[in-house]
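S.K.: Chains as they are written, first to last, in our numbering: chain A, 1175 to 1484; chain B, 6 to 450.
Derived from the structure by calculation, the hints contain no laboratory data.
Everything numeric in this text was worked out from a predicted model, so none of it was measured.
Using N, Cα and C, we set each Cβ at its ideal position, and we do this for glycine too.
Just so you know, not all the hints are guaranteed correct.
[As the list claims (entries may be wrong)] Chain B is faced by these chain A residues, among others (derived, beta-carbon under 8 Å):
| id | residue |
| --- | --- |
| 1 | Ile-1180 |
| 2 | Lys-1183 |
| 3 | Trp-1184 |
| 4 | Gln-1212 |
| 5 | Gly-1214 |
| 6 | Asp-1215 |
| 7 | Ser-1396 |
| 8 | Arg-1426 |
| 9 | Gly-1438 |
| 10 | Lys-1442 |
| 11 | Arg-1443 |
| 12 | Leu-1446 |
| 13 | Lys-1476 |
[What the hints assert, rightly or not] BS3-like mimics (lysine-lysine), calculated; alpha carbons at most 27 Å apart, straight line:
| id | chain 1 | residue 1 | chain 2 | residue 2 |
| --- | --- | --- | --- | --- |
| 14 | B | Lys-118 | A | Lys-1442 |
| 15 | A | Lys-1442 | B | Lys-115 |
| 16 | B | Lys-446 | A | Lys-1247 |
| 17 | A | Lys-1484 | B | Lys-118 |
| 18 | B | Lys-299 | B | Lys-115 |
| 19 | B | Lys-113 | B | Lys-203 |
| 20 | A | Lys-1472 | B | Lys-299 |
| 21 | A | Lys-1183 | B | Lys-118 |
| 22 | A | Lys-1476 | B | Lys-299 |
| 23 | A | Lys-1483 | B | Lys-299 |
| 24 | B | Lys-241 | A | Lys-1472 |
| 25 | A | Lys-1484 | B | Lys-227 |
| 26 | A | Lys-1254 | A | Lys-1197 |
| 27 | B | Lys-260 | A | Lys-1484 |
| 28 | A | Lys-1247 | A | Lys-1289 |
| 29 | A | Lys-1442 | B | Lys-114 |
| 30 | B | Lys-241 | A | Lys-1476 |
| 31 | A | Lys-1181 | B | Lys-241 |
| 32 | A | Lys-1200 | A | Lys-1337 |
| 33 | A | Lys-1239 | B | Lys-363 |
| 34 | B | Lys-115 | B | Lys-15 |
| 35 | A | Lys-1442 | B | Lys-153 |
| 36 | A | Lys-1442 | B | Lys-299 |
| 37 | A | Lys-1183 | B | Lys-241 |
| 38 | A | Lys-1239 | B | Lys-227 |
| 39 | B | Lys-241 | B | Lys-181 |
| 40 | B | Lys-260 | A | Lys-1181 |
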Amino acid sequence: MALELIKDKWTNNINEVMLGADKPIKVGGENTLPFLFQEGDMPNRPVVAMEVWDMEPPDWPAHLKAALGDAVKSPVEWAKKAISEFGADLIVLRLQSANPETGNASADKVAETLKSVLAAIDVPLIVIGCGDDQKDNDIMPKCCQAAKGKNCLFGLATEDNYKTLTVSCMADGHSIIAESPIDINIAKQVNILITDMGFDAKRIVMHPTTASLGYGMEYVYSIMERARLAALNGDKMLAMPFILFVGQEVWRVKEAKEEEPGWGDVAKRGHLWEMTTAINMLQAGADILVMRHPQAFKDTKKAIERLMKK
Amino acid sequence: MALSGLEIYKLLPKTNCKDCGFPTCLAFAMQLAAKKASLDKCPHVSAEAKQALEGASQPPIKLVTVGTGDGKLQIGNETVMFRHEETFHHPAGVGFLIEDSLDDAALKKKLDKINKLQFERVGQRIGANVVAIKSASGDAAKFSQVVKSVCGSTKLNIVLVAEDPKVLAAGVEASKDRRPLLHGANKANVDEMVKVAKGAGLPLVAVASGLEEIAELTQKIKAAGVEEIVIDTGPKDLTAKVNDLTYARRMALRKTFRPLGYPAIAFTTSSEPADEIAEAASFISKYAGIVIMKNCEPEEVLPILATRQDLYNDPQKPVQVEPKVYDIGNVTKESPLIVTTNFSITYYTVAGEVEASKVPTRIMACDAEGMSVLTAWAAEKFTPETITRMLGTVNADSLVSHHTIVIPGYVAVMSGKLEEGSGWKIQVGPREASGLPNYLKNFKV
Ligand code: SF4
C-alpha cells in the first residue's frame, strides 16, 4: 500500500523584502506554511534582530541587564556587541530617548545617534520610534533622512498614524512596518492605506501585535495563521512578512522578571520564556523576531537552524 | 467524516415502510445526517449498513484515555488543524522520561522534582501529568520493581516503554490499576504486544519511523482487537518530526484516513534545556497528544506548560476572572483603587505590574465579558455606566476614603462623564500596564 499524503500547494507567496545596504538580507518569500518543506519553500530563513535602545533602559530586570553588560550605556557599543558577540542578523534601534516621558530628546539628537549607529554596523537596521505618536511624527522624518541610502525598516505605522512615516520612508527609500491590534481586518486595512499613498506593497512588513507566552500569545498565534492562510490563498494585501517584538512583551511579564517559589531560577526562566515565545511565533509564521536577552537570542538562532533543516 | 444524507440513504433498505416514524427512508437519512435522529429507530437496517454508519460517525481522531480518576489524561478527538477554526480540545499530556537504570536515590530525587511541577499562574492550575518509565536494562524484574516504585510515589499517568513484550508485561503487572499507556508495538513485536495490551485492556503505541508503516501497524493492532492506539514515528530531526505530526493529523481530518486517526506521542531528543524546549514547544503547537521531556527543572517546564495552556484556550471563550475588587498587598483605606476589565490577560497583566510596584493597591475588575480595555470600551461593555454600577456592587465607598478611582489611560475620554455619573473623582492612569509601577509610586489623591 503506497500511502499518499495530502500536500497543499498555494497560489501566492509571501513578499520578499530586502533590507539593508552594506550587507543586505532578504526576509519573507515563503510559499508554504512554516517549515512544511514538502509543500513549498522558505527561501529566506527567519532572522533574529537584537533590540538596542538609544538610552540605558531604566526598568529592565537586573538579570537581563547583567547579560548585556555595560554595552547598554551606549547604543553604538550595544549594537556592535550584538553583532560580534551574539551574532545578530539585524539591529533594532528604539528611539526611546525621544519619548516625552523618558528624556524628550530632540529630532536632531536622535538622528545623530541613528547616524552613529549606522556608521558602526554593516547589518541592516530597523528603527522604531519612541511610542508617542506626535513626537514620532516630529522625529521620524529627520531620522529617515539621516538614514537615506541605508535601506532601513522604519516603524511603526498604525491605522491612526501612518501618513508622516509613509511619506518619509517613500522619500528616503526605506521599508515600513505596518502595525495592527491583533485584528486581521485592521492589519489588511493599514496595508491598504499605506499602499494607497503609492507605497510599494513589497516594502511593507507587518506587525500583528506581539503578546508574551502566557499573556495572550495564542491570539497573536491565530491571527498570524489566519493572515498567512489568506495570503497563501492569494490575498496580496496580507502577503507581507511578519515582525514580532518578542523581547518587548516578554520582559514585562512576571514569569520573566520575578522570583517565585517553586518556579525555578528566574535568571534562566527569563531567557527561556523569551525563547519559547519566539519558537511559538516561528511555528505561526514569524519572519523577523526582535529579542533582548543574548542567551534567548542565541538559542533561538540555533532553533531556527534546526527548524530549517529539510 | 460524517456521511451526507444521500450517502446514508444508499445504505438504508429503501422500502419507505415508515416504521422509523419518518415518511420515507430518504427523510430519515436526512435527519440522521443532521444528527436529529438515531439509527436504532429503523428496525430493518442490515448489519453491514449499521457497521458502515456507525464507523462513519466515529470521530476522525480516536479519543484515548491514559490513567484513571480525576487526573487521567484524555487525548485525541481533535477536529481542526488551526485553532481559530474551532479550538484544540484535549490538552496534550506533558511528562518526563525515567529510565529503570536509575538507582533508588536518583529515582526518588527525580520523582520528587516531577511531583512538584504543579503551578498556579493567571488563576489557573497547570501541571505535568505523565511519567514515562523506560526499560534501559531489558531486565523484567528490574523494570517491574522500578514501575512499582514509581507508581507508589506519583499520581501522574504512566507510560511504560519497553521493546521486549515480556519486560513490558512485567511492567503492566506492576501498574495494572493505573491504566498505563504501553509503548510499544513495532513491526517485529506487534503480535505479542497486542496480546499484552488486549489482555489488560490497555492503550498501545504503534511505533515505526514512517507514516506508511504506522498505518499498517495500527490496522494490524486494531484488527487484533485493541481500539485505543497512539502513534509514534520515533526520534527525528525537529522539522521532520513536526511534519510527521502534521501529516498524520491532516490525513485523519481531511481524508478520514482511519489508520492515522490516532493521537501521537513525541519524545524530545535533546538534553540541552533550550534545544529541548524548542522541540517540546513545537510538538505542542503542532499536534502532539503527549510530549515526553528529559529535563524537569521548573524553569524549563513552566514555558512548555504555558504553551499548552495558551494554545488550548478556546478562541471563542475568552478566559475571565471573577468581576470583583482584588487586594494586592496590605491595602488600607488610603490605598489607590484602579479600574480595569475582567479579561484574564488584562487583569493579570495589571496585577503583575501592581505587585512589582510593591504599592498596596486595590484592583476593581469590571465585568466586561472578558474583553480587554480597548475592545470592551469599543463594544460598550466598559463605560461610565458599567463602572458606576460596579462601584455600587462592590460598595467601593466602604473600601477607600479618598473617593478616587484610577482608570486606564486608553479610556481617558470617559473621565468627564464618569466623574459626573458616579460622583467619584477620576484620575487617568498610564495607557499600558507597564507604566503602573511608576504611576503608583507617585500616586497622590
Ligand atoms: S424504518 Fe427503515 S426502512 Fe422503514 S422507512 Fe424508516 S428508514 Fe426506511
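S.K.: Each hint: holds or not?
M.R.: Structure-based check of all given hints:
Annotation: A:Ile-1180 was flagged as interfacial toward chain B, and the flag holds, the nearest CB pair being 5 Å apart, inside 8 Å. For A:Lys-1183, the interface hint is violated, the least distance from its beta-carbon to any beta-carbon of chain B being 14 Å, above 8 Å. Checking A:Trp-1184 against chain B by beta carbon gives a least distance of about 15 Å; that is not within 8 Å, so the hint is violated. Against a cut-off of 8 Å between C-beta atoms, the interface hint on A:Gln-1212 holds, since the closest Cβ of chain B lies about 7 Å away.
Annotation: A:Gly-1214 was flagged as interfacial toward chain B, and the flag is violated, the nearest CB pair being 13 Å apart, outside 8 Å. The beta carbon of A:Asp-1215 is not positioned within 8 Å of any beta carbon in chain B (closest approach about 13 Å), and the interface hint is therefore violated. A cut of 8 Å between beta carbons decides the hint on A:Ser-1396: the least distance to chain B is about 4 Å, and the hint holds. For A:Arg-1426, the suggested interface contact is upheld, since its CB lies about 5 Å from the closest CB of chain B, less than 8 Å.
Here the hint on A:Gly-1438 is kept, as its CB sits about 3 Å from the closest CB of chain B, short of 8 Å. Annotation: A:Lys-1442 was flagged as interfacial toward chain B, and the flag holds, the nearest CB pair being 5 Å apart, inside 8 Å. Given hint, A:Arg-1443 at the interface with chain B, holds; its Cβ is 4 Å from that chain's nearest Cβ, closer than 8 Å. Here the hint on A:Leu-1446 is kept, as its CB sits about 5 Å from the closest CB of chain B, short of 8 Å.
With 8 Å as the threshold, the beta carbon of A:Lys-1476 comes within range of chain B, its nearest partner Cβ sitting at about 7 Å, so the hint holds. Proposed proximity of B:Lys-118 and A:Lys-1442 is supported: the alpha carbons are some 17 Å apart, at most 27 Å. Restraint check for A:Lys-1442 and B:Lys-115: satisfied, since their Cα atoms lie roughly 20 Å apart, inside the 27 Å limit. The straight-line distance between the Cα atoms of B:Lys-446 and A:Lys-1247 is roughly 25 Å, inside the 27 Å bound, and the hint therefore holds.
A C-alpha spacing of about 36 Å is found between A:Lys-1484 and B:Lys-118, which places the hinted pair above 27 Å, so the restraint is violated. For the proposed pair B:Lys-299 and B:Lys-115, the alpha carbon gap of about 11 Å is at most 27 Å, so the pair holds. Taking the CA atoms of B:Lys-113 and B:Lys-203, the gap is near 32 Å; set against the 27 Å cutoff, the hint is violated. The straight-line distance between the Cα atoms of A:Lys-1472 and B:Lys-299 is roughly 21 Å, inside the 27 Å bound, and the hint therefore holds.
This hinted pair does not check out: A:Lys-1183 and B:Lys-118 have alpha carbons roughly 46 Å apart, beyond 27 Å. Restraint check: the Cα-Cα separation between A:Lys-1476 and B:Lys-299 comes to about 19 Å, which is no more than 27 Å; the hinted pair holds. About 23 Å separates the Cα atoms of A:Lys-1483 and B:Lys-299, which keeps this hinted pair within 27 Å; it holds. A distance of roughly 22 Å separates the Cα atoms of B:Lys-241 and A:Lys-1472; the hinted pair therefore holds under the 27 Å criterion.
About 33 Å separates the Cα atoms of A:Lys-1484 and B:Lys-227, which puts this hinted pair outside 27 Å; it is violated. Distance restraint check for A:Lys-1254 and A:Lys-1197: the Cα-Cα separation of roughly 15 Å lies within the 27 Å cut-off, and the hinted pair is therefore satisfied. Straight-line distance between C-alpha atoms of B:Lys-260 and A:Lys-1484 comes to about 25 Å, which keeps the hinted pair within the 27 Å bound. Of the supplied pair hints, the one linking A:Lys-1247 and A:Lys-1289 holds, its CA atoms being roughly 17 Å apart against a limit of 27 Å.
Among the hinted pairs, A:Lys-1442 with B:Lys-114 is consistent with the structure: their alpha-carbon atoms are about 21 Å apart, no more than 27 Å. Between B:Lys-241 and A:Lys-1476, the direct Cα distance comes to roughly 17 Å. Compliance with the 27 Å bound is thereby established for this hinted pair. Distance hint between A:Lys-1181 and B:Lys-241 is fulfilled; the C-alpha atoms sit about 20 Å from each other, no more than 27 Å. For a cut-off of 27 Å, the pair hint linking A:Lys-1200 to A:Lys-1337 stands: about 25 Å separates their Cα positions.
The suggested pairing of A:Lys-1239 with B:Lys-363 holds, with an alpha-carbon distance near 21 Å, which does not exceed 27 Å. Only pairs whose Cα atoms come within 27 Å are accepted, and B:Lys-115 paired with B:Lys-15 is rejected, the gap being roughly 58 Å. Between A:Lys-1442 and B:Lys-153 the CA atoms are separated by roughly 34 Å; this puts the pair beyond 27 Å, and the hint is violated. In summary, the hint linking A:Lys-1442 to B:Lys-299 is supported, as the alpha carbons are separated by about 17 Å, within the 27 Å threshold.
Straight-line distance between C-alpha atoms of A:Lys-1183 and B:Lys-241 comes to about 25 Å, which keeps the hinted pair within the 27 Å bound. With a CA separation close to 57 Å, the supplied pair A:Lys-1239 and B:Lys-227 exceeds the 27 Å bound. With a CA separation close to 31 Å, the supplied pair B:Lys-241 and B:Lys-181 exceeds the 27 Å bound. At most 27 Å may separate the alpha-carbon atoms for a hinted pair to count; B:Lys-260 and A:Lys-1181 meet this at roughly 12 Å.
Of the numbered hints listed earlier, those contradicted by the structure are 2, 3, 5, 6, 17, 19, 21, 25, 34, 35, 38 and 39.
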